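Engineer: Protein chains in written order, with the numbering used here: chain P, 1 to 114; chain L, 115 to 223.
For the record, the hints were derived by calculation from the structure and aren't laboratory data.
Here the structure is a predicted model, which is why all the values come from computation and not from measurement.
Incorrect hints may appear among the rest.
[Said to hold, decoys possible] For lysine-lysine, the following DSS-like pairs were computed, each having C-alpha atoms within a straight-line distance of at most 25 Å:
#1 P:Lys9 x P:Lys57
#2 L:Lys183 x P:Lys57
#3 P:Lys9 x P:Lys71
#4 P:Lys71 x L:Lys210
#5 P:Lys57 x L:Lys117
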Amino acid sequence: NAGVTQTPKFQVLKTGQSMTLQCAQDMNHNSMYWYRQDPGMGLRLIYYSASEGTTDKGEVPNGYNVSRLNKREFSLRLESAAPSQTSVYFCASSDRGGRNTEAFFGQGTRLTVV
Amino acid sequence: DAKTTQPNSMESNEEEPVHLPCNHSTISGTDYIHWYRQLPSQGPEYVIHGLTSNVNNRMASLAIAEDRKSSTLILHRATLRDAAVYYCILRDDTDKLIFGTGTRLQVFP
């Protein structure tokens, strides 16, 4: 059981570079989420997707774009990376009707922007 | 999104029970109470959830106050592996999962 898989696990970017963080889940879940976690802080929701083809902003969407390519995959793109985006990024998924279901998280992508 | 309030940190000795409190005075009638924990250098993992009745699973128990304005996560016998940040979250029908700051649990041998 792979669950939620994130790639890459580590990445160093220069300011202004772009990159896409990939996330895939194999549990046939409808809902997927992207979070960031700064050192010593809790997780903050960047974007989420309730189903294929739909996305919605979370708490901290500025500087990011997302794409729900299909039911399995939800990618997060940084068009022009900034040092303030240095963080650990987590992807998650859960079944539809989220209130009464559990969410599953990936192991994270540690991003450093220099 | 409804908010939760948790103590910043708690301590326990190994093999003792731990009661982690959470206040959620603005909870609505259909919000579920979820608990997740995050071990060092890992992604969060689900612990337990409930609506009105107390819940038990292999990891923990969840005690929900009768007015639902507070809940308590109970670890029956803490182990060193239970040292983590524990998050109490209210899930509503928007499908979002919003984290607070959580409680950092330290377990001493």
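Engineer: Hint by hint, work out which the structure violates, then give me just those numbers in ascending order.
Structural biologist: Going through the list in order, the structure violates hint 2 alone and respects the others.
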